[in-house]
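Going down the list, the sequences are from chains F and A. For reference, each letter of the first sequence is one residue, going 130 to 442 in the working numbering. For reference, each letter of the second sequence is one residue, going 130 to 442 in the working numbering.
Just to be clear, a hint being listed does not mean it is correct.
The list treats identical chains as interchangeable, and a pair is accepted whether it falls inside one copy or across any two copies.
To be verified - Straight-line distance between alpha carbons at most 30 Å, and here's what the computed BS3-like set of lysine-lysine pairs gives:
{"hint": "1", "residue 1": "Lys-219", "residue 2": "Lys-405"}
{"hint": "2", "residue 1": "Lys-302", "residue 2": "Lys-405"}
{"hint": "3", "residue 1": "Lys-417", "residue 2": "Lys-226"}
{"hint": "4", "residue 1": "Lys-179", "residue 2": "Lys-419"}
To be clear, the hints were calculated from the coordinates, so they are not data collected in a lab.
Listed below are the residues making up each chain.
There are 2 protein chains.
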Amino acid sequence: MKEPLALGIDMGGTNTAYGFVNSRGHIVRKGSLPTTGHTGVEGFIADFKKVLDPVIKELGRENIIGAGIGAPNGNIYTGEIVFAPNMPWKGIIPMAKLVGDALGIKATLTNDANAAGIGEMMYGAAKGMKDFILVTLGTGLGSGFVANGHMIYGHDGLAGELGHVIAVRDGRKCNCGRYGCLERYASATGIVITAEEWLEQRTDTTILRTHTGKLTAKAIQDAAHAGDAMALALYEYTGKILGQTLADMVAITSPQAIIFFGGLANAGDMLLHPIKKHLEDNLLNIYKNKVRIMQSALPDADAAILGASALVW
Amino acid sequence: MKEPLALGIDMGGTNTAYGFVNSRGHIVRKGSLPTTGHTGVEGFIADFKKVLDPVIKELGRENIIGAGIGAPNGNIYTGEIVFAPNMPWKGIIPMAKLVGDALGIKATLTNDANAAGIGEMMYGAAKGMKDFILVTLGTGLGSGFVANGHMIYGHDGLAGELGHVIAVRDGRKCNCGRYGCLERYASATGIVITAEEWLEQRTDTTILRTHTGKLTAKAIQDAAHAGDAMALALYEYTGKILGQTLADMVAITSPQAIIFFGGLANAGDMLLHPIKKHLEDNLLNIYKNKVRIMQSALPDADAAILGASALVW
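The following block holds chain F by itself, in its conformation from the complex:
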């Protein structure tokens, strides 16, 4: 006898991960494919179908009761991805319909970070919390703001774009066309930009100078683990920008916790300690020593897959 499963899909700027989730929140089968490198969105959908169809056949199409998708700039009201600066496709993409039609499964879609927030609330670090902020530090910076137990979607379904809050007025140019967005500093992409700037401007010795090929957030993490001073300073700087900006967000929703996940958050305390320090330094006194800074309790992209799958139930 087969159990009913929900397909959770986490679309990121780099990778698209999927998982088939049972009603108890266990991922019984998962996988991923690159989001980039296909011929347009049609090519991506065709390649996604090629990967998924055999798995769906194996699990039994009749057991898959629906698909939930988390994607950058995803709109839960329309099922569209709307002008996502870090995705390979521009404009408005009716992704829920495209995926649903291709797989023959009814699909719904929301913002990837909102999906992750729902995953954390149902199965992760935010279990039992009614007010928290979920921050995803991947290629870009995504967020989900939960207030009074409900995700804030906004009047048009597009709320929660913390990555495009201005962290540095007239700062780095962002993919969105504006300047100084938080995600240009605090994301896997952002910390690499900072590192590249520092390597050019500074002369201090660092393992990072000997890195071959394009510098990555993972290389910075490895260097920091090895005690490299510049790599550690990169986390301090990134944590400062995040802490400063999050202090302003705390003044809006007064959350009991801010939960981080995504590639950059895997640095753990090397990043979380500076965030916590600079958050506290910048908080209005009524909020001091109240906000927990936490790492996601769910492995890798599971929060987003679980959250996306939760759209189905």
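Following the hints, put chain A in place on chain F, whose structure we already have.
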């Protein structure tokens, strides 16, 4: 036969206004007294009792079913005013209990701007809206963020302190001890500080130079109405700071409107047009041309009184 009435109290840094409100949202009797100039909070409560007791007697104590208070840094969960930088009393003031005991009426308390937001949602410009931001521009800057039809109170009841979001990093010193808070620029106090700075730094002719006594937001409004270039530029500057900061807030809650009230908002389009322009200039593209900038439809402090009274029903 008498109808049941709720006492709504709007406590500000300068004045405390009260109104007795019937179940249809009509204020049947109102008045005010200064918040400052009393001997401590005990003196204020004693003087408030002196003003209110005769009115309560006249309306019939048995008809007053309760009191709702809106106050800066008011906490709906505890009934306390918590470290309000613009109030004459420091520390934590159990205001709901003090007022309730003095008047012999059960009292509840919330943030003044949250109260105003509830008033706007029930009786004013936000009627029928589920996602909006209410901004009060008085002595300080208060705010209420409504998402999905509910006021965002945060885990501790202290959410919605937009006035203490950092608008200018390392900017003007704020009463809260930090630097660059929005309310030091965008409030009746803030626009006067800007004017005083400009009068010292600049040499251009302006009616404001001939103002006798301490400059006020009202004097700036009068000068702007008379076509004074510096006064108009003061609204442009204040609107720029507000528009820039609110663009970041839109990215968090994606509201369908931002509603302004309070003394400074009485300047109307002289202030709202610059806010709208700079908001749009700074918005992420997905939010452009969607957010209405509105003035409160409720006269004077009625929104706050009505909202405070709504805590009772």
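Hint check results:
no. : hint              : in the structure
1   : Lys-219 / Lys-405 : between (36 Å within a copy, 27 Å between copies)
2   : Lys-302 / Lys-405 : both (27 Å within a copy, 23 Å between copies)
3   : Lys-417 / Lys-226 : between (45 Å within a copy, 25 Å between copies)
4   : Lys-179 / Lys-419 : neither (48 Å within a copy, 39 Å between copies)
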